[in-house]
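2 protein chains.
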Amino acid sequence: MERDFLRRLLPRLPSHPRLLLGPGDDAALLALAKDNAWVVTTDMLMDGVDFELHRHDARRIGRKSLAVNLSDLAAMAARPVGAVISLALPRSCGEALALELYEGLIPLAEEFETAIAGGDTNSWNGPLVTSITAIGEVVPGKEWRRSGAKPGDEILVTGSFGGSILGKHLDFTPRVREAMVLAEKYEIHAAMDVSDGLSLDLSRMCEASGCGAVLDLSLVPIAAAAHELAAQEQGGPSALDHALSDGEDFELILAVSPAVAEQLLASQPLGVPLTRIGRFVKQPGLWQQVSGGPLLPLSPRGYEHQL
Amino acid sequence: MERDFLRRLLPRLPSHPRLLLGPGDDAALLALAKDNAWVVTTDMLMDGVDFELHRHDARRIGRKSLAVNLSDLAAMAARPVGAVISLALPRSCGEALALELYEGLIPLAEEFETAIAGGDTNSWNGPLVTSITAIGEVVPGKEWRRSGAKPGDEILVTGSFGGSILGKHLDFTPRVREAMVLAEKYEIHAAMDVSDGLSLDLSRMCEASGCGAVLDLSLVPIAAAAHELAAQEQGGPSALDHALSDGEDFELILAVSPAVAEQLLASQPLGVPLTRIGRFVKQPGLWQQVSGGPLLPLSPRGYEHQL
Numbered sequence: 004m005e006r007d008f009l010r011r012l013l014p015r016l017p018s019h020p021r022l023l024l025g026p027g028d029d030a031a032l033l034a035l036a037k038d039n040a041w042v043v044t045t046d047m048l049m050d051g052v053d054f055e056l057h058r059h060d061a062r063r064i065g066r067k068s069l070a071v072n073l074s075d076l077a078a079m080a081a082r083p084v085g086a087v088i089s090l091a092l093p094r095s096c097g098e099a100l101a102l103e104l105y106e107g108l109i110p111l112a113e114e115f116e117t118a119i120a121g122g123d124t125n126s127w128n129g130p131l132v133t134s135i136t137a138i139g140e141v142v143p144g145k146e147w148r149r150s151g152a153k154p155g156d157e158i159l160v161t162g163s164f165g166g167s168i169l170g171k172h173l174d175f176t177p178r179v180r181e182a183m184v185l186a187e188k189y190e191i192h193a194a195m196d197v198s199d200g201l202s203l204d205l206s207r208m209c210e211a212s213g214c215g216a217v218l219d220l221s222l223v224p225i226a227a228a229a230h231e232l233a234a235q236e237q238g239g240p241s242a243l244d245h246a247l248s249d250g251e252d253f254e255l256i257l258a259v260s261p262a263v264a265e266q267l268l269a270s271q272p273l274g275v276p277l278t279r280i281g282r283f284v285k286q287p288g289l290w291q292q293v294s295g296g297p298l299l300p301l302s303p304r305g306y307e308h309q310l
Numbered sequence: 004m005e006r007d008f009l010r011r012l013l014p015r016l017p018s019h020p021r022l023l024l025g026p027g028d029d030a031a032l033l034a035l036a037k038d039n040a041w042v043v044t045t046d047m048l049m050d051g052v053d054f055e056l057h058r059h060d061a062r063r064i065g066r067k068s069l070a071v072n073l074s075d076l077a078a079m080a081a082r083p084v085g086a087v088i089s090l091a092l093p094r095s096c097g098e099a100l101a102l103e104l105y106e107g108l109i110p111l112a113e114e115f116e117t118a119i120a121g122g123d124t125n126s127w128n129g130p131l132v133t134s135i136t137a138i139g140e141v142v143p144g145k146e147w148r149r150s151g152a153k154p155g156d157e158i159l160v161t162g163s164f165g166g167s168i169l170g171k172h173l174d175f176t177p178r179v180r181e182a183m184v185l186a187e188k189y190e191i192h193a194a195m196d197v198s199d200g201l202s203l204d205l206s207r208m209c210e211a212s213g214c215g216a217v218l219d220l221s222l223v224p225i226a227a228a229a230h231e232l233a234a235q236e237q238g239g240p241s242a243l244d245h246a247l248s249d250g251e252d253f254e255l256i257l258a259v260s261p262a263v264a265e266q267l268l269a270s271q272p273l274g275v276p277l278t279r280i281g282r283f284v285k286q287p288g289l290w291q292q293v294s295g296g297p298l299l300p301l302s303p304r305g306y307e308h309q310l
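Chains as they are written, first to last, in my numbering: chain A, 4 to 310; chain B, 4 to 310.
In case anyone wonders, no lab produced these hints; they're calculated from the structure.
Treat the hints with care, as some may be off.
Any copy, or any two copies together, can satisfy a pair, since identical chains are not distinguished.
Okay, derived cross-link-like pairs now, DSSO-like style, lysine-lysine, Cα gap no bigger than 30 Å in a straight line [what the hints assert, rightly or not]:
hint, residue 1, residue 2
1, Lys-153, Lys-188
2, Lys-188, Lys-37
3, Lys-145, Lys-37
4, Lys-145, Lys-285
5, Lys-188, Lys-145
6, Lys-285, Lys-188
7, Lys-153, Lys-285
Could you put the whole structure together from the sequences, leaning on the hints where they help?
Structure, rendered in structure tokens:
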């Protein structure tokens, strides 16, 4: 990191029991917890793609840059340990922007006990890019893979879906706490976080698991923002369409046995609602069913990354 | 990562005994080695700052993006374990560019037994950005910090300095093997890698260690490229000036006791030359001395990152 910047930043960074050596040397040192594996995830966000610097507060952008990574850790049932923060700053904004980004992400790091272990802070003539790598830990074998869903499993989701563009895509809470509660007490067969759209990400989970899924569309929890978007666009997509295809909900999709589903739905052990939206089936592909009617194919829709 | 791209890339990625779960899920899983701490470092490279996409081969850019991180691990005496690769690709280049970048970094990852654990591949309307986080391991307490140099220690360096802009800044070999040999057999008090210029980085090592350094300028190993640059620019900086102030040599500076220095200089246990260029002293600051003459102040020069 740049020296003067580091001198200003360091007093702002919280200490962390696992951080043996923090920013300022060639690399950071993190202490191990015995018998765990390390879970590593990385996300790069770009101005004009994942946020708009001229419209969005830099603190919200900084917070989102870390939150998307914590969401990935949650989707693996991994407890966050640390993160490294790389920034490409437009030359005109420089250090002031960097500090704002950090002011946004530090409270989230504290909330989820994530050490800010280091980073690389640069300026250039291009737009803002943030790139964060988060490291967590899990007991090997206890991680939630996408590939573990079995025909007969129920599909549960946290929270509600659609319309995140109205604000949630910046201000969502990664489901780390929820994942820790679930991982400790319940057998979860598979999980992933919804970043590209509920139906698209569910279809990916099916593909990874070698099975299919039937959604009961009347059960999909639709966010208020999805209704709001639908009301704004007369003749456009419905609120349900938004819930099925909008990206960046950052909720969890879970595959659990019917018995565990019943237990979870009855006890609702999380701060956010858990809802059953369908079941995994042998037949590959995505299917829809309304209130016990016939099975119809459902096209997975969402944000497809194009290279 | 983008799906189609991943489908093409995955068969190219070497397997790795420590990679329990590789690219394709929400995060990667790396196995622990008992009793080690984790060493984490990250570097972001930008078109027009760290490379020029219109001039430099994409494979060399990909290779450099990983090599700068491995150099940081070497400077901590950490053995590489894995890396995650984030890319922001100009929309006009897309997947073809991404594959070329990977073709450049995969052989380096294989050479240094580094698992490619995951990544995030994006395209946008901006210039190419690469951001790699590398993870290594070290027995806690055995890491080389910048802060461990003591007055009386000798200053040793690997290789030679200056003129890296002529090619070495892209094609250097990170001193991982050398660091592993040294860490196993010798007591090294402090180390860092030279990324911003020999005199500037040495002055930072002095500052971190709370001491000063006297350089014998007649001993500084000058790279052939530094002589070449000096010859190109009549009346410009001398070859020695280049050696003292050019960035991106990616050689190691080491602080060792006189006894260890003598042993290392006599046995030359590395594939690259080890050279003594001066000693650490109590008096803070950087000093120069030519062949036993008086001490004169030496201004640290190099690449100062501006935000």
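Hint by hint, here is what the structure shows:
1. Proximity of Lys-153 to Lys-188 under the C-alpha cut-off of 30 Å is restricted to the intra-copy arrangement: shortest distance 20 Å within a copy versus 52 Å between copies.
2. In this assembly of identical chains, the alpha carbons of Lys-188 and Lys-37 lie at most 30 Å apart whether taken from the same copy (21 Å) or from different copies (27 Å).
3. With identical chains, the CA atoms of Lys-145 and Lys-37 are at most 30 Å apart both within one copy (15 Å) and between copies (19 Å).
4. Proximity of Lys-145 to Lys-285 under the C-alpha cut-off of 30 Å is restricted to the intra-copy arrangement: shortest distance 24 Å within a copy versus 53 Å between copies.
5. In this assembly of identical chains, Lys-188 and Lys-145 lie within 30 Å of each other by CA distance solely inside one copy; the values are 12 Å within and 39 Å between copies.
6. When the C-alpha separation of Lys-285 and Lys-188 is checked against a cutoff of 30 Å, the pair qualifies only within one copy, where the shortest distance is 27 Å, while the shortest distance between copies is 58 Å.
7. Taking the shortest Cα distances, Lys-153 and Lys-285 sit within 30 Å of each other inside one copy (8 Å), while across copies they are farther apart (67 Å).
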